[in-house]
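Undergrad: Read off the chains here:
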Amino acid sequence: MSDTRGQILGAIRKSLRREAPSPQMQAEIQARLADPPRGPVPARGQLEPRARLELFVAMAKEAACTIVRVADVATVPSAVADYLARENLPAKLRVAPDPAVADLPWSTRPLLEVSTGRSDGSDEVSLTPALAGIAETGTLMLTSGPERPTTLNFLPETHIVMLTAEQVVGGMEEAWDRLRERYGRGVMPRTVNLVTGPSRSADIEQTLQMGAHGPRRLHIILVDGEATAEP
Amino acid sequence: MQHASSRRFKENARRALDDAQLQRALGHVKKNFVERRAAAAARLPEFEALRDRARDIKNHVLENLDVYLERFEAKVVANGGQVHWCADAEAARQTILRICRSVNAKLVTRGKTMIGEEIALNDFLEANAITPIETDLGEYIIQLRHEPPSHLIAPAIHVNKEQVAETFRAAHTDLDPKRPLTEPPALLAEARAKLRSRFLAADVGITGANFLVAETGSSIIVTNEGNGDLTQTLPKIHIVLASLEKVVPTLEDAATILRVLARSATGQEMSVYTTVSTGPRRADDLDGPEQYHVVLLDNGRSRMLGSEFREALRCIRCGACLNHCPIYHAVGGHAYGWVYSGPIGAVLTPSLIGVEEAGHLPNASTFCGRCESVCPMRIPLPKMMRHWREREFERHLSPPAARWALRLWAFAAKRPALYRLGASIAARLLKLRGGQSGRIASLPLAGGWTAHRDMPAPEGRSFQQLWAERSRP
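Residue numbers (the numbering used here), protein chains in the order written: chain A, 1 to 231; chain B, 232 to 704.
Simulated from the structure, these hints should not be mistaken for laboratory data.
These numbers come from a predicted model, not from an experiment.
Any given hint could be a false lead.
[As the list claims (entries may be wrong)] Derived coverage of chain B by chain A (criterion: at least 3 residues anywhere in the stretch with Cβ under 8 Å from a Cβ of chain A; other residues may be distant):
1. 274 to 281
2. 375 to 389
3. 474 to 487
4. 505 to 512
[To be verified] In silico lysine-lysine, DSSO-like type, Cα no more than 30 Å apart, as pairs:
5. Lys241/B <-> Lys261/B
6. Lys425/B <-> Lys92/A
7. Lys92/A <-> Lys262/B
8. Lys392/B <-> Lys425/B
9. Lys614/B <-> Lys645/B
10. Lys392/B <-> Lys409/B
11. Lys14/A <-> Lys614/B
12. Lys61/A <-> Lys261/B
13. Lys262/B <-> Lys61/A
14. Lys61/A <-> Lys92/A
15. Lys241/B <-> Lys337/B
16. Lys392/B <-> Lys262/B
17. Lys241/B <-> Lys392/B
18. Lys425/B <-> Lys337/B
19. Lys241/B <-> Lys262/B
Cβ atoms here follow ideal geometry from the backbone N, Cα and C, with glycine treated the same way.
Sequences are here, hints too, so could you generate the full structure?
TA: Laid out in structure tokens, this is it:
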């Protein structure tokens with residue numbers, strides 16, 4: 001068993017008609033891994049900040065997200081309460097233990113029942129913070145950690161994500177940069193979720209239906225200092 | 232390995248052509264997938280440049296596959312995971328069984344993996360008293376129906392909603408038999424509810440991988456349903472089942488290929504969930520698996536690397552070649568008789584189970600070239616099918632009549648005067664045979680064609696004669 005590895009690597013080298021890689025090859029690959037070259041980044045992933053933000057909103061809506069824009073984080077509890085009321089959802093919320101969302105002024109909306117922690121599948125609504133938003137495709141980047149359990153992103157039927165305008169980047173590569181800034185180069189949290197809209201399936205007669213196994217609704221609260229009243 | 236019926240391709244195809252229900256279902260492929268991919272490609276001006284880059288990345292990986300696999304393994308281990316190298320299907324199955332038994336697993340949830348089909352994992356687990364549950368909606372449906380997938384990304388595309396309802400009624404006997412199940416939303420809701428309890432109860436979750444990232448030791452899966460995420464987040468153990476060629480160098484390289492993957496597959500800008508998993512849960516994490524295993528399967532790939540079929544190892548299983556293939560449109564996936572169907576199946580299947588078993592598949596092509604023109608990884612599929620035909624000929628596997636006809640043709644083709652003479656005589660005779668209708672209903676040696684349709688008769692002059700007349704001043 002233990003030598004299966006050697007046999008497979010040997011078979012690969014035989015097919016490549018060469019011996020084990022030379023130190024020079026190893027060094028070249030090390031260099032490529034240490035400083036990853038980028039492929040073509042679509043022009044739409046390289047817009048200036050305001051246009052980038054507008055593109056993010058448009059693409060996220062196209063992916064069937066709903067978005068509300070608020071001026072500052074202090075108004076997020078109100079935005080959550082209003083959304084739940086509008087959608088006829090219970091005023092009960094499971095929030096990631098991350099201070100970015102757990103420490104919001106929830107007392108401003110006393111009728112909201114807020115608890116923190118992971119989800120065991122019984123929660124109807126969750127709120128988690130994003131690490132980045134990718135304008136190119138309207139994608140959210142969510143990372144796991146003691147303060148951001150992954151179950152909150154998948155088990156509740158309604159998932160609310162808080163994102164700030166300065167977290168919105170152009171293309172996927174910039175989101176990887178943010179990830180590396182946050183965790184260090186080559187260091188990863190257990191899970192990085194790139195989420196583009198709510199769960200769906202077209203497996204029955206190619207008919208698109210929302211809410212397959214993950215959330216049926218994905219609602220983004222975009223904190224944008226320059227935002228004015230919605231919608 | 233999964234049992235193959237590829238030797239019976241012709242019978243399989245005939246049955247598929249007579250199956251009215253299947254033919255209706257295949258209509259969805261022809262229209263939806265093709266239009267959506269075209270719209271997505273047209274919307275992204277950089278699409279062709281991204282295809283070039285994606286091809287180059289995978290070529291670079293294949294050229295250095297040993298190095299990248301060693302790097303990947305080192306990073307997985309550094310993150311607290313394990314890599315299990317498996318030479319063949321049996322080794323992979325035994326490895327998975329050993330891991331499952333280490334925690335006395337009874338219930339295993341499965342994210343969609345073609346490799347799982349390749350090694351016939353579900354049957355094996357069941358035989359060992361472990362219940363595997365497919366969680367992708369399409370895979371769940373065909374698991375209940377005891378059928379193999381008929382499409383790379385839409386495994387139940389051959390099934391209609393009435394059949395799904397029938398299947399659910401037969402399987403979910405605890406529910407009210409009189410419940411309405413006529414429309415897709417009711418079917419989806421039932422599957423969601425049924426599978427939710429399984430997700431929460433499973434001991435082990437097995438997913439595939441769209442990519443393995445050498446830079447970080449991560450596996451990446453791409454889904455629309457979120458089933459893969461529940462599969463790999465909730466149980467104690469996450470097993471990733473992936474073949475060697477899934478490795479890419481960096482997250483940047485994955486980004487490039489992701490940009491062509493969803494667009495080529497479903498026409499989406501991006502699939503709903505792209506998830507990067509690295510190692511087991513961290514010390515203070517509130518959820519996630521306690522163990523992370525990567526079962527790394529060779530099963531013929533290291534040999535393919537040294538053959539003229541190396542480029543097929545660039546495949547990212549998007550299904551675009553199936554979606555654009557007139558043969559697939561006509562007969563669907565099951566006719567191919569093994570795990571992989573369509574043009575990529577016609578190239579991979581003989582590589583993985585032998586040309587003796589699957590020699591018919593590379594012949595099931597019109598060589599129209601649409602597959603290559605839409606392949607995001609620019610795999611020269613028609614050229615490879617031609618290679619297989621050559622091998623079949625060399626190994627005397629093709630039928631004697633075809634071999635003699637080809638020899639005769641080759642003899643003439645090397646002698647231009649004889650060829651011209653033969654072609655002009657044949658054209659004239661065929662015109663006579665066509666008579667007034669211009670159609671030939673039966674022809675000696677061409678019964679395979681005329682049994683099913685008339686052959687249009689030529690005009691009476693050969694192409695070369697027409698060309699010569701045109702070129703005359």
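Undergrad: All the hints need checking, so say for each whether the structure fits it.
TA: Tested hints:
Coverage of the segment 274 to 281 of chain B by chain A holds [criterion: at least 3 residues with CB-CB distance below 8 Å; count 5]. Coverage of the segment 375 to 389 of chain B by chain A holds in this model, with 4 residues showing a Cβ closer than 8 Å to a Cβ of that chain against a need of three. For the segment 474 to 487 of chain B, the stated coverage by chain A holds: 8 residues have a C-beta nearer than 8 Å to a C-beta of that chain, and at least 3 were required. Remark: the segment 505 to 512 of chain B is confirmed as covered by chain A, as 8 of its residues place a Cβ nearer than 8 Å to a Cβ of that chain, reaching the required three.
As the CA atoms of Lys241/B and Lys261/B are separated by approximately 22 Å, the hinted pair is consistent with the 30 Å bound. Under the criterion of a C-alpha separation no larger than 30 Å, the hint pairing Lys425/B with Lys92/A is consistent with the structure, at around 25 Å. The straight-line distance between the Cα atoms of Lys92/A and Lys262/B is roughly 44 Å, outside the 30 Å bound, and the hint therefore fails. Restraint check for Lys392/B and Lys425/B: satisfied, since their Cα atoms lie roughly 18 Å apart, inside the 30 Å limit.
Between Lys614/B and Lys645/B, the direct Cα distance comes to roughly 22 Å. Compliance with the 30 Å bound is thereby established for this hinted pair. Of the supplied pair hints, the one linking Lys392/B and Lys409/B holds, its CA atoms being roughly 17 Å apart against a limit of 30 Å. Note on Lys14/A and Lys614/B: the hinted pairing holds, with a Cα-Cα distance of about 24 Å set against a maximum of 30 Å. Pair hint Lys61/A plus Lys261/B holds up; C-alpha atoms about 28 Å apart against a cutoff of 30 Å.
Using a Cα cut-off of 30 Å, the hinted pair Lys262/B and Lys61/A holds, with the two alpha carbons roughly 25 Å apart. Note on Lys61/A and Lys92/A: the hinted pairing holds, with a Cα-Cα distance of about 25 Å set against a maximum of 30 Å. Between Lys241/B and Lys337/B the alpha-carbon distance is near 41 Å, which puts this suggested pair outside the 30 Å criterion. Between Lys392/B and Lys262/B the CA atoms are separated by roughly 19 Å; this keeps the pair inside 30 Å, and the hint holds.
Annotation: proposed proximity of Lys241/B to Lys392/B holds, straight-line Cα distance about 28 Å (limit 30 Å). For the proposed pair Lys425/B and Lys337/B, the alpha carbon gap of about 17 Å is at most 30 Å, so the pair holds. For the suggested pair Lys241/B and Lys262/B, the alpha carbons sit about 25 Å apart, so the restraint of at most 30 Å is met.
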